[in-house]
Structures are given as C-alpha cells and as structure tokens.
Amino acid sequence: VAATAYVAWISFQQAEQLQSLSADSKQYYQQTQKLQQSLRRSQNETELALTQQNQQREELLSAIDDANLIIDSQGRRLRSLTSTTTDDWRLAEVEYLLRLANQRILISKDSTTALNLLATADQILLTLADPRFFDIRKAIAEDRAALLLVGQQDLDGVFLRLSALTQQLDKLPLIVMPTFDTTAKVEIDNVDDSVLSSWQQSINAIGSATWQELKGLVVINQRDSDIKPLLPPDQQYYLRGNLQLMINQSQLALLDGRQAVYSDSLYRAERWLQDYFASDTDAIQSVIADIQQLQTIKVNIELPDIAGALLAVKQFFSEQRQIEKLKTKPDTELDTHIEDIKIDSELPSINKEAAL
Numbered sequence: 004v005a006a007t008a009y010v011a012w013i014s015f016q017q018a019e020q021l022q023s024l025s026a027d028s029k030q031y032y033q034q035t036q037k038l039q040q041s042l043r044r045s046q047n048e049t050e051l052a053l054t055q056q057n058q059q060r061e062e063l064l065s066a067i068d069d070a071n072l073i074i075d076s077q078g079r080r081l082r083s084l085t086s087t088t089t090d091d092w093r094l095a096e097v098e099y100l101l102r103l104a105n106q107r108i109l110i111s112k113d114s115t116t117a118l119n120l121l122a123t124a125d126q127i128l129l130t131l132a133d134p135r136f137f138d139i140r141k142a143i144a145e146d147r148a149a150l151l152l153v154g155q156q157d158l159d160g161v162f163l164r165l166s167a168l169t170q171q172l173d174k175l176p177l178i179v180m181p182t183f184d185t186t187a188k189v190e191i192d193n194v195d196d197s198v199l200s201s202w203q204q205s206i207n208a209i210g211s212a213t214w215q216e217l218k219g220l221v222v223i224n225q226r227d228s229d230i231k232p233l234l235p236p237d238q239q240y241y242l243r244g245n246l247q248l249m250i251n252q253s254q255l256a257l258l259d260g261r262q263a264v265y266s267d268s269l270y271r272a273e274r275w276l277q278d279y280f281a282s283d284t285d286a287i288q289s290v291i292a293d294i295q296q297l298q299t300i301k302v303n304i305e306l307p308d309i310a311g312a313l314l315a316v317k318q319f320f321s322e323q324r325q326i327e328k329l330k331t332k333p334d335t336e337l338d339t340h341i342e343d344i345k346i347d348s349e350l351p352s353i354n355k356e357a358a359l
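Take 4 as the starting number for the sequence shown in my numbering and just add one per residue.
Just so you know, the hints here were simulated from the structure itself, not pulled from any lab data.
Remember, it's a predicted structure, so these values are computed and weren't measured experimentally.
Misleading hints may appear alongside valid ones.
DSSO-like, lysine-lysine: derived pairs with alpha carbons at most 27 Å apart [as the list claims (entries may be wrong)]:
| hint | residue 1 | residue 2 |
| --- | --- | --- |
| 1 | K328 | K112 |
| 2 | K317 | K141 |
| 3 | K317 | K328 |
| 4 | K141 | K112 |
| 5 | K37 | K317 |
Computed Cβ-Cβ distance ranges for the label pairs, DEER-style [claimed, not checked]:
| hint | residue 1 | residue 2 | range |
| --- | --- | --- | --- |
| 6 | L329 | A70 | 37 to 43 Å |
| 7 | D138 | I110 | 44 to 50 Å |
| 8 | R44 | W12 | 35 to 41 Å |
| 9 | A26 | E48 | 45 to 51 Å |
| 10 | E145 | Y240 | 35 to 41 Å |
| 11 | L103 | N71 | 54 to 60 Å |
A virtual CB, placed ideally from N, CA and C, is assigned to each residue, including glycine.
Taking the hints into account, I'd like the entire structure generated from these sequences.
And the structure:
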C-alpha cells in the first residue's frame, strides 16, 4: 500500500511537471512566433527603405545628367554670345540712329536732325564695307531723298525764336500820355494897379485880334484812322500777359502743326504791338518785323515716312537669326529634350495633387 501510494504520488508529481512544461513550451512558442513576425516586419521595412533609397539615387543621377545637359547647352550659347563681333555692335548702333530719326519725324517733325541721323547711319555702314548691308544703304538713300524733296524745316529754331520774344515783352515800351507844364510863375513887384489893368486890357485886345486872324487860317479835319488807346497802369500788366499767352499759343500750334492757329496767334500779337505799344521806336519795329517773318513759316508740312531703312535693318536681323537657328539646330533639339525632362519631373507632383 505504501509503495502504491508512493508511486501514485510520484506519478502525480510527474503529471504536474509535464503540465507545467507544456504551458512553458506553449508560451515559448508564442513568443517565438511574435519574434519571427517582428523580424519579418523589420526585414520588409528594410527592403522597402533600400528600394526607396535606390530609387532616389537613380532620380538624383538622372537630375545630375539633366543639369549637365543644361550646363553644356548654356555654355554653348554663352560662347556664341561672346563671339559677337564689332560689326554686330556697329549695326546695332545703326538701328538705334534710324529709330531716333523716325522719332524726330513723328514727334517733333524735325527733318534737319533726321537727315543728319540718316547720314551718320549711312556713314557707319560705309565704313563696315560689307556687301550684305547694300539693301539697308539703299533704303537709307531713299529716305534721305524723300526728306530732301520736302525741304528742311528747323522747327526747333522757330520755337526758340518765339521763346526769345516772350523774354523781351517786359522791356517793350508802351504808349504814354505826354505831360505838359501848365504852371508858370510871373513875379511882378512894385507894379501899380492902374498900370497892371491897362496892361491886361492891351494883352486881351491883342489876343482877340490874333484869334480872329487864326480862325480864318486853321481848318479842322476829322481823322479816319484809329486812335491808339492809352492804357491805365493797372491794365498794362494784363496786356503783357495776354501778349505772352498769344506767343505761347503759337508755340503749341507750331508743335502740333496747326497752321491757322499759329498764324492767327502771331497776327494778334502783331496788332497788339502796333495798337498799344510805341510802334515808332526801334525796339517795337524790330519785334514786329520778327513776328511778320515768323508768320510766313509753314508749320503743317507733311513729312514722308522714313521707316524703310529701319525695316530693312530689322529684316536683316531676322534673316541672321534664322541662319543662327540652322547652325544651332542640335542645341534646339537639346532644349526640347530638357523641356520634356522638366515636364516629366513635374508629373508625379501633379498626380499626387490629383490623388489628394
């Protein structure tokens, strides 16, 4: 019985140990499964990171290659710019002179300056001695001939002459009322009253007889000519101001080419000088003569279009650019490739925005 009990107790102890070992083994197995899952997850993340790094590396290498292409293209363009010759700069100067000549005709109608600018541009082309500029020189010669047919008109000089007149207005003399000394002093000392009365009667008698004689000799006629008015001092300031306004108005009409307004303004100024100023003085006569000569100038002259030479230069530049494009056709294809690269690089960001 004791042996049986001992065996049973031993069996019970072994059964408990087996159950404990089984529970521990199951726990260890679960922990092992968790560790394996964590390892696989770490391995996947590592592989994904490596894949992303490789992709980024490829993108960086591709971007470096594209940047090298752009640098090579810009370098070729820079070398082409630095190869610009002195003739190119001189031709650009010719274009600038022709543009100035057109502006002088269109804005200020200064044919004299325009002719000088055209002559300077033609002289530059002559010194270059390049047969390619023959058409440009031909157009310049035609524009110069058209201007010479119209005649040279120095409107700037006319404008300056009118400005000089305005500066002289304050110095011109006006008509003034003559003054007479009507007072006289007669000192009679120690004269008897009876003698003074007899002397006055004799004077009156002589004066009366003289007046009767003069009545038959003097004839008074009415004047048909206008009497020059005399202005009070407070109106002389306004007269000079209005006269200056008329001359300034003629200057504006000169710049705008309005012949009627120009001539009418100067005519009024001339009439005011004759009516209100001392026209018998040398100063007024000189100013009136100057205004009369200015009235004969034509300010509404139709000047020709001289854009032919400028258009010829532009046409020459356009042809040169076409030739350069043909020479640099590989660079153009490279630029197209670069633009395609830029577009492709922008597509992922666009797709991301569309997805969002």
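Comparing the hints with the structure gives:
1. For the hint pairing K328 with K112, the CA-to-CA distance comes to about 40 Å; that exceeds 27 Å, so the pair is violated.
2. Of the pairs offered as hints, the one joining K317 and K141 holds, with about 14 Å between alpha carbons and a cut-off of 27 Å not exceeded.
3. About 17 Å separates the Cα atoms of K317 and K328, which keeps this hinted pair within 27 Å; it holds.
4. Between K141 and K112 the CA atoms are separated by roughly 23 Å; this keeps the pair inside 27 Å, and the hint holds.
5. At most 27 Å may separate the alpha-carbon atoms for a hinted pair to count; K37 and K317 exceed this at roughly 81 Å.
6. Between L329 and A70 the CB atoms are about 27 Å apart, so this pair departs from the stated range of 37 to 43 Å.
7. For the pair D138 and I110, the beta carbons lie near 27 Å from each other, so the given range of 44 to 50 Å is not met.
8. At about 48 Å, the CB distance of R44 to W12 disagrees with the hint of 35 to 41 Å.
9. Range check, A26 to E48: about 33 Å between beta-carbon atoms, so the 45 to 51 Å window is missed.
10. Range check, E145 to Y240: Cβ separation about 54 Å, and the 35 to 41 Å hint is violated.
11. As the Cβ distance of L103 to N71 is approximately 45 Å, the hint placing it in 54 to 60 Å is violated.
Consistency note: the structure conflicts with the earlier hints numbered 1, 5, 6, 7, 8, 9, 10 and 11.
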